[in-house]
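Please work from the sequences and hints to get the whole structure.
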Amino acid sequence: MDRAAIIGVGTTKIEKSKVGETFADMAWEAVNKALSDAGMTIDDIDNVVTTSSDFWDGRTISCMAVGDASGAAHKNVSCVEGDGTYGAFYGMTRSLSGSYKTTLVTGHSKGSQSVSSLITNSSFDPIYERALGMDMVTACAMQARSYMHRTKTTPEQLAGVSVKNHGNALKNPLAQLPMKITIKDVLESEMIADPLHKLDCSPVSDGCAAVIIAHESVAANFKQKPVWIKGVSFCADSFFFGDRDLSRAKALTEAAKKAYEMAGIKDPKKEIDVVELYDAFTYQELMWLEEMGLADDAMAGKLLEKGEFNMDGRLPVNASGGLLSGHPVIAAGLYSMAAVVRQIRGDAGGFQVKKAKTGLVHGVNGLGGQSHCVFILDKDK
Amino acid sequence: MTDQFQGIEPMVYKSKINVPYSWWAGDTASKFYLTLRDEKKITATKCVACNKVFLPPRKVCPSCFTENTQWVNVSDEGTLITFTIARRQFAAIPSDRKVPVIWGLIKLDGADTAMLHYLDEIKPESVTIGMRVKAVFSEGRKGNIRDISHFKPVSRV
Numbered sequence: 001m002d003r004a005a006i007i008g009v010g011t012t013k014i015e016k017s018k019v020g021e022t023f024a025d026m027a028w029e030a031v032n033k034a035l036s037d038a039g040m041t042i043d044d045i046d047n048v049v050t051t052s053s054d055f056w057d058g059r060t061i062s063c064m065a066v067g068d069a070s071g072a073a074h075k076n077v078s079c080v081e082g083d084g085t086y087g088a089f090y091g092m093t094r095s096l097s098g099s100y101k102t103t104l105v106t107g108h109s110k111g112s113q114s115v116s117s118l119i120t121n122s123s124f125d126p127i128y129e130r131a132l133g134m135d136m137v138t139a140c141a142m143q144a145r146s147y148m149h150r151t152k153t154t155p156e157q158l159a160g161v162s163v164k165n166h167g168n169a170l171k172n173p174l175a176q177l178p179m180k181i182t183i184k185d186v187l188e189s190e191m192i193a194d195p196l197h198k199l200d201c202s203p204v205s206d207g208c209a210a211v212i213i214a215h216e217s218v219a220a221n222f223k224q225k226p227v228w229i230k231g232v233s234f235c236a237d238s239f240f241f242g243d244r245d246l247s248r249a250k251a252l253t254e255a256a257k258k259a260y261e262m263a264g265i266k267d268p269k270k271e272i273d274v275v276e277l278y279d280a281f282t283y284q285e286l287m288w289l290e291e292m293g294l295a296d297d298a299m300a301g302k303l304l305e306k307g308e309f310n311m312d313g314r315l316p317v318n319a320s321g322g323l324l325s326g327h328p329v330i331a332a333g334l335y336s337m338a339a340v341v342r343q344i345r346g347d348a349g350g351f352q353v354k355k356a357k358t359g360l361v362h363g364v365n366g367l368g369g370q371s372h373c374v375f376i377l378d379k380d381k
Numbered sequence: 382m383t384d385q386f387q388g389i390e391p392m393v394y395k396s397k398i399n400v401p402y403s404w405w406a407g408d409t410a411s412k413f414y415l416t417l418r419d420e421k422k423i424t425a426t427k428c429v430a431c432n433k434v435f436l437p438p439r440k441v442c443p444s445c446f447t448e449n450t451q452w453v454n455v456s457d458e459g460t461l462i463t464f465t466i467a468r469r470q471f472a473a474i475p476s477d478r479k480v481p482v483i484w485g486l487i488k489l490d491g492a493d494t495a496m497l498h499y500l501d502e503i504k505p506e507s508v509t510i511g512m513r514v515k516a517v518f519s520e521g522r523k524g525n526i527r528d529i530s531h532f533k534p535v536s537r538v
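Protein chains in written order, with this note's numbering: chain A, 1 to 381; chain B, 382 to 538.
By construction, these hints were calculated from the structure, which means they are not laboratory data.
Zero decoy hints are in this set.
Here are the computed lysine to aspartate or glutamate pairs in the DMTMM-like style, where the Cα-Cα straight-line distance is at most 20 Å: (1) A:K250 / B:D493; (2) A:K152 / B:E506; (3) B:K488 / A:D243; (4) B:K488 / B:D501; (5) B:K395 / A:E21; (6) A:K33 / A:D44; (7) B:K488 / A:D245; (8) B:K440 / A:D243; (9) B:K395 / A:D25; (10) B:K422 / B:D408; (11) A:K357 / A:D312; (12) A:K270 / A:E308; (13) B:K440 / B:D408; (14) B:K422 / B:D493; (15) B:K397 / A:D54; (16) B:K433 / B:E458; (17) B:K421 / B:E458; (18) A:K379 / A:D267; (19) B:K433 / A:D243; (20) B:K412 / B:E448; (21) A:K302 / A:E156; (22) B:K488 / A:D125; (23) B:K397 / A:E21; (24) A:K379 / A:E271; (25) B:K412 / A:D125; (26) A:K16 / B:E390; (27) B:K395 / A:D54; (28) A:K357 / A:E261; (29) B:K440 / A:D125; (30) A:K198 / A:E188; (31) B:K523 / A:D125; (32) B:K433 / A:D245; (33) A:K381 / A:D2; (34) B:K479 / A:E190; (35) A:K33 / A:D68.
The following block contains the structure:
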C-alpha cells in the first residue's frame with residue numbers, strides 16, 4: 001500500500017473564550033501555522049478537509065464558515081463532522097487516492113458560544129431518550145460509575161489523572177488550564193454528576209488545529225521531516241447506551257487491534273513510546289488505556305499511581321496536558337495528533353518526552369465513546 | 382493579532398438557534414408508545430436470528446442486520462445496570478426535575494438491552510448497581526418516554 005505522512009501541524013492556543021476571533025479567524029491562525037511549520041504555501045495544498053459540527057457552530061454547513069480562511073477557494077473542499085482524528089483519516093485517504101498529493105485538514109469549535117449541556121443532549125435519540133434531559137457529562141458519569149464498579153478503580157485514582165494532566169499542561173504554552181493541584185483538590189471540587197467532580201471533567205474551550213498530510217511521493221519535498229502514518233483504524237459500537245457494556249469500549253479494542261496490525265506492532269505495551277488520548281473525563285484515560293491493551297485490565301489506576309504514565313514514566317500519556325487541560329471539541333483529536341507529531345520530531349519543547357519513536361493518537365466520537373479512531377505514528381517509514 | 386486592532390473591544394452578537402421540529406416516530410416506536418400509553422405495558426422487539434430482545438424497540442437488529450419481526454412484552458421490573466446523580470442543574474434537565482436528578486440504565490426482565498430512565502422514591506446515597514427497580518407509570522399518559530414517570534426500588538417484603 002502507498003504511504004502517507006504528516007508534514008506540518010499548527011494549533012491555536014486553547015482558550016476559555018476566544019471572543020476576539022471568529023471561527024474563520026481561528027482557522028486562519030492554525031492553517032498559517034501549519035503551512036509555516038511545513039514550509040509550504042497555500043498553493044502547495046491540493047485539497048482541504050474541514051472538521052466541524054453544525055450544532056456546536058450554531059449554523060448549518062458549518063464547514064463553509066472556515067473554507068475561505070483555510071485557503072480552500074477553487075480547491076476541492078470536503079467536510080467531516082466528528083472528532084478531528086476522523087477528519088485526518090479522511091484527509092489521509094484523499095492523499096492516498098491518487099487524486100491529490102497533499103491534504104490540509106482542519107478542525108475547529110467553540111464551546112464558549114453555546115450551552116454544552118443542550119448541545120450534547122441533542123445527540124440523544126429524540127424519540128426515546130432526549131426528553132429525559134441527559135447530556136455528555138451525565139452520560140459519561142454513568143459510564144464512569146460502570147467502569148469503576150467493574151474494575152474497582154477508586155476516585156483517588158481518577159483524581160490522579162487530573163493531577164498529572166493539569167501538571168503536564170504547565171509545560172505546554174498552548175494549554176488552557178495548566179495547574180498544580182493535588183488529589184485532595186480534585187476530590188474536594190464540586191461534585192457535578194456522581195462520581196465525577198468538576199476537576200474530573202474537561203473544561204469548555206475554543207480552538208482550531210490544522211495538520212497537513214502528504215502522499216509519500218511528495219512527503220520529503222518540504223521543510224519538515226515527515227512523521228509517518230503506520231497504522232490507522234476506526235470502529236463504532238451501538239448507538240443506544242443500553243445496548244453496550246458501558247464499562248467496556250469494544251469498538252476501541254477493535255480499532256486499536258487493527259491499527260497495531262497495520263503498523264506491525266506485536267506488543268503495544270513495549271513498542272509504543274508516547275500516547276495522546278481522549279481524556280474528556282479522568283476515568284476515560286484509564287479505561288481507554290486498558291481497552292487499547294496499553295495497561296492490563298483493571299490495572300490502569302494502579303499503574304498511574306506508580307507514575308507509569310507520567311511525562312518521565314514508562315509510557316507518557318497526555319504529556320501535553322490532554323483534554324482535561326483544554327478541550328476544543330472536534331478539534332481535540334487534531335491537537336492530540338499535533339502533540340504526538342511534535343514528540344516524534346523532538347520539538348515538543350517543555351513537554352518533550354525522552355523516547356518518542358512511535359506514538360499513538362486516539363480520538364472519540366459519540367456519547368461515552370461510541371466510536372473510536374486510533375492512529376499509530378512513527379519516525380521511520 | 383496586528384496593531385490595527387489594539388484597543389478594539391470585541392463585540393458579541395447574541396442570538397439563538399431555535400427551529401421547531403417534528404420527529405416522525407415511525408411504526409416501531411409508535412406501536413411501543415401506543416401500548417405504553419393505553420395498556421401501561423412495556424414492549425420490545427425481538428430478533429429471531431440471534432434471539433435477542435431490544436429495548437428501546439427498533440426495527441433492525443443492531444447485532445446481525447436482520448429485521449426484528451417479533452414483539453414481546455417485557456416486565457415492568459428489572460435490574461439497575463449503572464446510574465448517575467446530577468448535582469448541578471444542567472440546562473438539559475427538564476424544568477419539572479430538580480437536582481439531585483438520578484438517571485439509571487435499567488435492564489428489564491425479558492429484555493437483553495437496558496433502557497435509560499429516572500430513578501426516584503429513593504435517597505441518592507441508597508442507589509446501588511444491581512438493585513431491583515420497578516416502573517411507575519404516569520397519570521395522563523401522552524405517548525412518549527415520560528409515560529413512565531420513573532423507576533422506584535422494588536420493596537422487599
